[in-house]
Amino acid sequence: GIQVEQSPPDLILQEGANSTLRCNFSDSVNNLQWFHQNPWGQLINLFYIPSGTKQNGRLSATTVATERYSLLYISSSQTTDSGVYFCAVRQGLNRDDKIIFGKGTRLHILP
Amino acid sequence: GAVVSQHPSWVICKSGTSVKIECRSLDFQATTMFWYRQFPKQSLMLMATSNEGSKATYEQGVEKDKFLINHASLTLSTLTVTSAHPEDSSFYICSAPSRAYEQYFGPGTRLTVT
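First to last, the sequence lines map onto chains A and B. Numbering-wise (this note's numbering), the first sequence opens with residue 1 and increments by one. Numbering-wise (this note's numbering), the second sequence opens with residue 1001 and increments by one.
No lab work stands behind these hints, which were simulated from the structure alone. Only true hints are included.
Here are the computed lysine-lysine pairs in the DSSO-like style, where the Cα-Cα straight-line distance is at most 30 angstroms:
| hint | chain 1 | residue 1 | chain 2 | residue 2 |
| --- | --- | --- | --- | --- |
| 1 | B | Lys-1041 | B | Lys-1014 |
| 2 | B | Lys-1064 | B | Lys-1041 |
| 3 | A | Lys-103 | B | Lys-1064 |
| 4 | A | Lys-54 | B | Lys-1041 |
| 5 | B | Lys-1055 | A | Lys-103 |
| 6 | A | Lys-103 | B | Lys-1020 |
| 7 | A | Lys-98 | B | Lys-1064 |
| 8 | B | Lys-1020 | B | Lys-1055 |
| 9 | A | Lys-98 | B | Lys-1041 |
| 10 | B | Lys-1066 | A | Lys-98 |
| 11 | B | Lys-1055 | A | Lys-98 |
| 12 | B | Lys-1041 | A | Lys-103 |
| 13 | A | Lys-103 | B | Lys-1066 |
| 14 | A | Lys-98 | B | Lys-1020 |
| 15 | B | Lys-1066 | B | Lys-1041 |
| 16 | B | Lys-1055 | B | Lys-1014 |
Computed from a predicted model, the values in this text were never measured in an experiment.
This is chain A alone, in the form it adopts within the complex (with noise of 0.2 angstroms):
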């Protein structure tokens, strides 16, 4: 099956600065996502991004399909921002087809 691989695995950064999460992915996908999973557990919805750019605030992602990877960025860090950041995708056309997680970046921002 596709392998997703996510790096840096760990990441500890002061208030302030900018950081790069990246994602891998072996094969084409036809969804990909990004989420926050804060203290509490929740899975936050940061980016569906099967291709090209997309910016929220501070968050920014980039998707560039055909050679099979994504990235996170995240600008003016702030101690909220703390949590694992999660990669998602989903190789089948169909929205019930199941989605494979990689296994994050523990970002910890320090005041």
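Dock chain B against the given chain A, drawing on the hints supplied.
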């Protein structure tokens, strides 16, 4: 965005008892929902796909007789952990795809079996 709820948010039960967890899509219909399990500091592991009106599809290694799934309506799926043991203690999360193909997750249920 779409909203998915889960109930209960946490539960403590004794070994040998059964626990039911509900997953509801509040503002959209879902013919399919997904159940995940997450251990501390690990990623989400897909357990099964819940299909409205038909049997669930279980991932390899997941005991279907232990984790009973019922998708009774287009907005409700339930996961019952039968004869729970301490090793079943975990964080269980459900999700459902919206019409726009985006996956939305419930807040999760933390199960502790004593």
